[in-house]
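> As a plain string of letters, each chain reads:
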Amino acid sequence: MKLSISKNVHLVEPGDFEPTDHWYPRVLNSNIHPLVAYFLNLSHEQIAERYHRLHPQSDLETLMEILRYQPQYFRWAGTDLMHVTNHEGNRKLTVIETNSCPSGQKSMPLLDLNVEQGGYKRLIEQTFKPMVNAHQMEGALAVIYDKNPMENIGYAATVADVFGENVYLAKFDKADIDPPVKFEDGVMFIKNEKEEWVQIRASFRYVTQEPWTRLPEKTKTLILNPIEACLAGGRNKEIASAAYDVFNEKYKDKGIGIFTPKTFRKVKYAELQGHFDRLGGSMVIKVPDSNAGQGVYTVISQSELDHAMSEIDPNDEYLIQELIHSNFSRNLDPTSAWYHVGTIPDSKGRSFAFDLRLMMHATEEGIRPLAVYSRRSRFPLNQELPEDMNSWEVYGTNLSIKGEDGWTYADERLMLFDIRNFGQLGLGIDELIKGFVQSTMAVYAIDQNAIKSYGNSAIKDYINH
Amino acid sequence: MNNKVLIVEDDVVFCKILTKFLTKNNYEVLDAQNGKDAIELMEMNKFAFAILDYRLPDMNGIEILEKLKTKNEEAKTILITRYGDQDVASKAIDKGADAFISKPINPDELLSVIKGL
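Chains A and Y, in that order, give the protein sequences. Residue numbering for the first sequence follows the UniProt record's numbering, starting at 1 and increasing by one per position. Residue numbering for the second sequence follows the UniProt record's numbering, starting at 1 and increasing by one per position.
Do not rely on the hints blindly, as some may be mistaken.
[What the hints assert, rightly or not] For each label pair, taking beta carbons as the anchor points, the in silico distance ranges come out as:
id, chain 1, residue 1, chain 2, residue 2, range
1, A, Met137, Y, Ser112, 35 to 41 Å
2, A, Asp316, Y, Lys46, 47 to 53 Å
3, Y, Lys4, A, Lys268, 53 to 59 Å
4, A, Arg26, Y, Leu111, 27 to 33 Å
5, Y, Leu111, A, Asp316, 48 to 54 Å
6, A, Ser290, Y, Glu43, 36 to 42 Å
Calculated directly from the structure, the hints in this document are not laboratory data. It should be emphasised that the depicted structure is a prediction, and the values quoted were computed from it without experimental measurement. Yeah, the Cβ is synthetic: ideal placement off N, Cα and C, and Gly gets one too.
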């Protein structure tokens with residue numbers, strides 16, 4: 001590796017991949033749970049057949065069509081789901097959000113101990129490489145990012161190994177007034193060691209902070225994922241929610257649908273109080289293009305609503321969702337309320353809310369699961385919340401912590417899908433199947449929305465072959 | 001033997017990669033992304049080596065070098081300059097830098113420079 005060939009650009013060379021640099025230390029020493037490994041190896045036919053048995057009203061042929069779908073824009077995605085139950089004990093996996101630059105590789109134990117690059121390699125080899133090979137253009141390869149260096153150096157090193165060529169690793173920060181990445185006529189360029197601009201033919205992209213301020217639409221440089229995937233819902237909760245509604249309407253006769261908490265879109269600031277009252281004194285307020293847990297407020301009291309309203313912009317519109325409840329929620333309509341199933345109680349009897357991050361990628365055979373992990377909340381669901389504590393402590397599961405010197409994470413709440421942690425989640429293979437099918441439907445919905453909004457992608461011809 | 005190294009560089013990835021590399025080679029590494037933090041680290045530690053980027057958000061590498069020499073005279077200093085920036089390199093040597101190395105940095109080459117000091 002050549003460090004700092006120009007400001008914020010490194011040149012990653014074949015052979016640079018070091019497993020210890022691209023996984024959290026505890027993941028390096030973990031073993032995948034056999035049930036999770038079994039799930040990751042299920043064929044689409046097995047998944048569809050099982051989902052159909054669990055949901056007899058679902059149309060098997062439509063399920064297969066969705067699992068085999070070839071997204072034109074959204075070919076790598078991560079969905080956050082929650083395991084919920086209602087008053088009848090009907091358990092579901094509900095989609096919370098879908099992300100166009102998902103983290104997760106560093107939290108995923110190896111599926112095959114003989115493949116040391118694990119999910120990094122599967123994504124680059126099965127998704128990125130076929131697209132690049134079909135893309136006729138001169139230029140170098142790149143990874144551009146604004147967060148998560150642990151995974152992005154790993155991706156760059158994997159791209160270098162899989163293609164056998166050097167890869168530009170460039171930080172493309174929102175605040176950088178002199179960034180090392182630029183676009184001209186849809187072509188990406190990156191600064192090299194002589195401060196010259198090098199043309200890029202294809203780039204892996206992990207630019208998450210308002211990426212539309214830096215990435216143009218319809219690029220000639222192939223980008224995984226292109227900005228259209230973000231604009232169509234991969235980085236906007238409002239647009240994603242609308243895309244899910246379109247999907248649900250289209251497939252209601254096929255017995256399938258994307259399940260989300262009850263959602264209200266384009267809610268004006270002045271309407272927040274009314275929604276809070278109508279929902280029984282609890283809700284979740286989301287800034288539509290927020291991410292990493294920033295701009296999401298769980299509200300269970302008037303003081304929390306007042307606090308949230310003091311932090312958000314009165315001129316913006318918000319997404320409101322019904323809260324997924326704990327044991328202590330009051331004033332609920334039992335016919336519509338959903339509750340966290342929570343982790344299996346620990347030795348102290350504590351059960352925590354958790355989410356499930358499912359990373360997927362488009363392969364030759366369709367959409368496949370790639371990595372999976374969970375994050376639990378700080379405070380248990382089954383204890384009264386102390387008065388001075390915010391409800392985010394009970395319901396918030398995001399691990400990202402924004403500090404003065406960048407992003408860090410709360411390791412103690414990361415739940416690996418390994419032999420040690422997975423059993424604590426109380427999930428079985430049927431939940432993983434349900435979660436995967438829900439996630440695939442969400443990806444399908446957002447990709448269809450991208451096609452509707454931006455037309456067919458340049459890779460359409462490639463995926464049709 | 002003192003094997004403590006200070007890296008002053010505002011590129012976080014650079015710091016991470018070089019820190020891992022030097023740690024594997026039995027150095028104890030502390031890093032700072034700006035001059036202010038670097039000076040704080042100098043107050044609290046005695047370094048054997050300092051690897052200083054020239055371009056930093058709040059001061060330049062030569063200014064940090066001068067501060068370091070007043071606090072920790074024995075510390076060897078390596079200034080990182082831009083590709084082909086000979087003027088800065090000469091100035092750094094005049095001000096007491098023990099070596100300079102131009103970007104791009106190959107970690108193995110940097111290690112050879114450290115071992116040669």
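> Each of the hints needs a verdict: does it hold here or not?
Okay, the hints, checked on the actual structure:
Distance hint for A/Met137 and Y/Ser112: a CB-CB separation of about 38 Å, consistent with the stated range 35 to 41 Å. Between A/Asp316 and Y/Lys46, the C-beta spacing of about 52 Å keeps the proposed range 47 to 53 Å intact. A C-beta distance of roughly 57 Å is found between Y/Lys4 and A/Lys268, which places it inside the suggested range of 53 to 59 Å. Roughly 29 Å separates the CB atoms of A/Arg26 and Y/Leu111, a value that falls within the hinted 27 to 33 Å.
In this structure, Y/Leu111 and A/Asp316 meet the distance hint of 48 to 54 Å, their C-beta atoms being roughly 51 Å apart. At about 39 Å, the beta-carbon gap between A/Ser290 and Y/Glu43 stays in the expected band of 36 to 42 Å.
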